[in-house]
Amino acid sequence: MMTIFGIPTQALFGQLLLGLINGAFYAMLSLGLALIFGLLNIVNFSHGALYMMGAFVAWLLLTYLGAGYWLALIIAPLAVAVFGIICERFLLSRLYKLDHLYGLLLTFGLALVIEGLFRQLYGISGMPYAVPKELQGGWNLGFMYLPIYRGWVVVASLVLCLGSWLLIEKTKLGAYLRAATENATLVQAFGINVPMMVTLTYGFGVALAAIAGVLAAPIYSVNPLMGSNLIIVVFAVVVIGGMGSILGAVITGFLLGLVEGLTKVFYPEAASTVIFVVMAIVLLIKPAGLFGKRS
Amino acid sequence: MIMKRLMLSAAALALSAGVAQAQYSDNKVKIGILTDLSGTYSDLAGKGTIVAAQMAIEDFGGKVNGLPIELVSADHQNKADIASSIARKWYDTEGVDAIAELVTTAAAIAVREVAKEKGKIDLNSGAASTPLTNDKCSPTGFHWTYDTYAMAAGTANAVVKSGGKSWFFLTADYAFGHNLQAQTERVVKANGGEVKGSVRHPFPNADFSSFLLQAQSSGAQIIGLANAGADTINAIKQAKEFGITQGGQKLAGLLVFITDVNSLGLETAQGMVLTTGFYWDMDEGTRAFSKRFAERMNGKMPSMVQAGVYSQVTHYLKAAAAAKTDEGIKVADKMRELPIQDFFAKNGKIRADGRMVHDMYLAQVKAPAESKGPWDYYKIMRTIPGDEAFQPLAESTCPLVKK
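So the sequence lines, in the order shown, correspond to chains A and B. Here the first sequence is numbered in this note's numbering, starting from 1 and rising by one per residue. Here the second sequence is numbered in this note's numbering, starting from 1 and rising by one per residue.
Okay, chain B solo, but in the shape it has when bound (with noise of 0.2 Å):
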């Protein structure tokens, strides 16, 4: 008797331990941002996205039904093998649940390829290519914050709707632009504009003179700079010094984030029509974090990447918490299900391809005489909906979404 009420007691301590890991391993939700936190990338992403998640986890309460939040961080180099090795020795041997961020388009695929293999979660927030939604997609795999659809997409349907009917590019060199270039080229194309002519640059490059002559001697009215950070700054910098601007060509930055035009100033960037995900300065939530985010970074204001991540890690935990456990396949069942109500995302929503669709602006940089100070940079033209700034689903390429 004794002997049998001793063996079911174990039983029953057995099952309930058993029970307790399948719902959170080691007892404990893990975080992993994986970032540019030395290169290219590290003003408007880098540290700035460590600092973002730690407040999501503090306002989120440090803990998952009880159980701790755990966050870790690592520089990814921009590199995609640096990448993959850190992302499965996290996955593996760290017991990482989740890892977020992920800027670099190489480096957001290679961690993608990982975590699909082991039905972990990945958030991106400042990887830009279509591709991780469309046939590099995964059931535990997310992009939060842009992708070049959309910054092709609300920028040159605006430009073409105000006239700008013929283009010109100005192209890097390698996967990113070329993909953002297509992209702008179809809208281009589907607005009734003509495209004239493209050059591809080297990346990185630092004079844009010779590139800008053969942009102005093209014609074209638009002159659209398909590549990113120092590539973007330099050209517009020089722009403006070969008289381009002055000469009637407009300029259209594909994908500039506030850090670049906090790095040219508004004396040259002002006037330039942009896209973005996320600007500080819209209403009190996004006001409110940007204040608080910048007393931790010195007084920098966060990019659309740094206030993504905070909103992706949020949501992962709410899901984390209401699926009671932290494995992967459920959690993102549940980030599915759940929509995404904060500052960065109204109404947001997660499709079966991995899209978190929200609401984009078109915004406009400032004159200096209209910008009260420091980081005050962009008036919003218009609020582009969600349905229309991203990929249809019926476009997506995703096995996953069902046709």
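This is chain A alone, in the form it adopts within the complex (with noise of 0.2 Å):
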């Protein structure tokens, strides 16, 4: 058999397929967040938050409801967007024009009242919740076996993330939105409505983190932590890939999930920190991010 630095290529294959999938969530994640950032000015700490409620509407939708997974991927990302643009009409446009510290402190604030308040209502240990049955099973690659539903995941990611991708930058819409990260002043000065836009913007990223939460929900556990276990490796991901790059975002987000996949082979102990020590690198290399311009 084949080896690589002692590891079979086939499992070095699977390791790696595995590695993009998880990618995949970063890349989502990521994906919201670097949105929001580009738009808003907000380093929202609240996306890990949003993710979990994503996640725990789709089990509520299930329990109380006996609505599925597919209903679940369309109303738990508006149910959560619509809470998130409560969120910012009310909380975060009073911030825009202050120190983009006032708004993470908000952010955080608000993650730790959301996950209180889950916690308080549905314990720690979390709630089940099962693959739909139409994406249960799994593929024998061969080299691998790979469960249909992951797989699903990863072709989900890439749709949204080259959607959204696409909307931004080669719709009207995108190259209004653009203009306005530049400079709203003179974009709302042409007659666009850019605090509609801003809402708008960030109901969208709030909805890209509950649809990562429901892809989430049938293999990580549904619990009141899910999200804030993630967001600080996301945020070291939108810190790698440049903050406010789109594009940027979702590559890194994908390549850090090799990256860990790697790792979780070679020395998995380390799994855990190494995004953050390519993140030490990266600052001290290109202080911008792979792909930030520097302002």
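No lab work stands behind these hints, which were simulated from the structure alone. Computed from a predicted model, the values in this text were never measured in an experiment. Note that beta-carbon positions come from the ideal geometry of N, C-alpha and C, so glycine has one too. The reader is advised that the hints may include incorrect statements.
30 Å max Cα-Cα, derived DSS-like pairs, lysine-lysine [to be verified]: (1) B:Lys324 x B:Lys118; (2) B:Lys379 x B:Lys250; (3) A:Lys133 x B:Lys250; (4) A:Lys170 x A:Lys293; (5) B:Lys318 x B:Lys47; (6) B:Lys372 x A:Lys133; (7) B:Lys30 x B:Lys118; (8) B:Lys79 x B:Lys89; (9) B:Lys346 x B:Lys372; (10) B:Lys136 x B:Lys89; (11) B:Lys366 x A:Lys133; (12) B:Lys250 x B:Lys372; (13) A:Lys133 x B:Lys379; (14) A:Lys133 x B:Lys240; (15) B:Lys189 x B:Lys240.
Not the full set, but computed from the structure, chain B residues with beta-carbon under 10 Å of chain A [what the hints assert, rightly or not]: (16) Thr40; (17) Asp43; (18) Gly46; (19) His201; (20) Pro204; (21) Asp207; (22) Gln214; (23) Ile233; (24) Lys240; (25) Gly247; (26) Asp260; (27) Ser263; (28) Leu266.
Assembly of the complex is requested from the two constituent chains, each provided in isolation within its own frame, with the hints serving as guidance.
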């Protein structure tokens, strides 16, 4: 059997594929963060809590209304986005003129409140959520067994990321958005409703987090802290990619999934730290991040 | 003459007051529940342990030899420094006579040091690690519900004897995980099994697919999960997803609580073998307690840690009443002397190292079709006699054990 550094190549392929799947979650979450930071200048620390809300709404729909996975995939993001929009209108919008730090503090506080509420209501150990019937089972790829559901996660994530990128880079709406990021006052002078656009962008970013939450529900434990464990890594991804760079966030998400996957094979103890080591190195060499522009 | 009589009666008064004070400090017995009220362990321990302690005090009649019993509680947030500073404050200035529950080994050991130094009682229910009854043992410290030795011995023995000879471990990379893996390996090897390998995963960890594939390619029959809480839940959930269990390999959860099974759902958890110190649906006594407990906890049945707190608080109160004092050493001696007889422990006894020896149970998680409703999760397969379940006294490294 062929080996690379003592690991059979087949096993290595398997691990790379798994890394890509994890990268899909990083990509979806960091995309939302990058979008929000780009337009709102808010470092959205409540992103993890909103991801958790997505998963919990899916569970609530199933438990209390009998609504299955596919319906949840549509309703949960909408419901969480509405919640996000309310937060943006009544809280965040007051902070745009202030330093980044205030937005960070507010969203961090929000995250604590949301997580605390869910912990109080549903406890800490999490809720069961099964893989939908249509996506159970798996394919034998020869080098590994790939659950159909994991394949679906990668496809869904790629479609979402690509779709968002096209929307922002290739459509007129995206052009307004990018213009507003550069100079909001000028764009507003042309008669475009910038505050409305800001609100909708925040809603969109939040919806992305909620979709990631629903996608995660069947494979990870659905508990109130599931977001806070992930959000730190996702922030590292955004920093490595370059704050505000959308393509950077997506590519870095997948890349770091791969790096983490490899670490899990060669030195598993370091799997949770490797991303931060990469972050430190990138910041030393390119302080604006891999895809960021120096402002 | 009058003067003399006055002095005599004054002396007698002082003497009697002095005696009363020596018996029960502050003229009451005060118990503190120090636990995780907000973190990872707040479901299996947490608020439920306060409720269990309240029930124990009410069932005892609320008084020890006519003096009131008081209960206080605090959140140690699973941090050793917070736990030890609360313990110090409680023992020193707030007149707490015994601290109970103490989930998380680091917090438990921190409180043990303080209690030992002050000659006060500490009663462990939630913490798992064996050092509490080995080199960290104390004349006034007790370990009640379970420990890593009992969990490993119970589950690993049963699994190896039913043919699961080769093992691969997924181990949480911190003291508890290492301890649990070492204890299990010992049992596996002693029974003629072999260990094919292990992987240490970061704590906490959400995605286990990579580690599960490594376990799969090892070819081991059994994948031992030397972790707890959300890590165990994620590993089991994903093992099913990756077809590990369908492929013939079996999972052995080495520390699984009923709250974990509740969170996994029977569909995913069915068939799993585990060891537990208590299950609510065993006999009249356990059902009666659990029903009353559930009424106060929104229908949740007690975990073994919560039931253990009821038992330890009750036993402490009995001993404090029999010893006619709340002085640490004297109550501790009485606790060792009296047998423990309640719904939790039948013929339980406390050894020199502070271990409360009682029967443990080997259980299997029911299939969804076998379950009659919420919390109907386990089939008890075997009662593991206390002497077989826990580490033999001869192997203890506790200095209090005379050899």
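We went through each hint and held it up to the structure:
1. B:Lys324 x B:Lys118: holds, 20 Å
2. B:Lys379 x B:Lys250: holds, 18 Å
3. A:Lys133 x B:Lys250: Given pair Lys133 of chain A, Lys250 of chain B holds - Cα atoms ~23 Å apart, limit 30 Å.
4. A:Lys170 x A:Lys293: Distance of about 20 Å is within 30 Å: holds.
5. B:Lys318 x B:Lys47: Answer holds: Lys318 of chain B to Lys47 of chain B is near 24 Å, not above 30 Å.
6. B:Lys372 x A:Lys133: Holds: Lys372 of chain B and Lys133 of chain A sit about 24 Å apart, inside 30 Å.
7. B:Lys30 x B:Lys118: holds, 16 Å
8. B:Lys79 x B:Lys89: With Cα atoms ~16 Å apart, Lys79 of chain B and Lys89 of chain B stay inside 30 Å; holds.
9. B:Lys346 x B:Lys372: At roughly 27 Å apart (the allowed maximum being 30 Å), Lys372 of chain B and Lys346 of chain B satisfy the hint.
10. B:Lys136 x B:Lys89: holds, 21 Å
11. B:Lys366 x A:Lys133: holds, 22 Å
12. B:Lys250 x B:Lys372: Given pair Lys250 of chain B, Lys372 of chain B holds - Cα atoms ~25 Å apart, limit 30 Å.
13. A:Lys133 x B:Lys379: holds, 28 Å
14. A:Lys133 x B:Lys240: holds, 14 Å
15. B:Lys189 x B:Lys240: holds, 27 Å
16. Thr40: Constraint on Thr40 of chain B satisfied, holds at 6 Å.
17. Asp43: At 4 Å from the nearest chain A Cβ, Asp43 of chain B passes the 10 Å test, so the hint holds.
18. Gly46: The hint holds - Gly46 of chain B has a Cβ within 10 Å of chain A, the shortest such distance being about 8 Å.
19. His201: holds, 6 Å
20. Pro204: holds, 6 Å
21. Asp207: Hint holds; Asp207 of chain B Cβ to chain A Cβ min 5 Å, cut 10 Å.
22. Gln214: holds, 7 Å
23. Ile233: With Cβ-Cβ at 4 Å, under 10 Å, it holds.
24. Lys240: Interface hint status for Lys240 of chain B: holds (9 Å vs cutoff 10 Å).
25. Gly247: holds, 8 Å
26. Asp260: holds, 6 Å
27. Ser263: holds, 4 Å
28. Leu266: This hint holds: Leu266 of chain B lies near chain A, its Cβ roughly 9 Å from the closest one there, short of 10 Å.
Of the hints listed earlier, there is not a single one the structure fails to meet.
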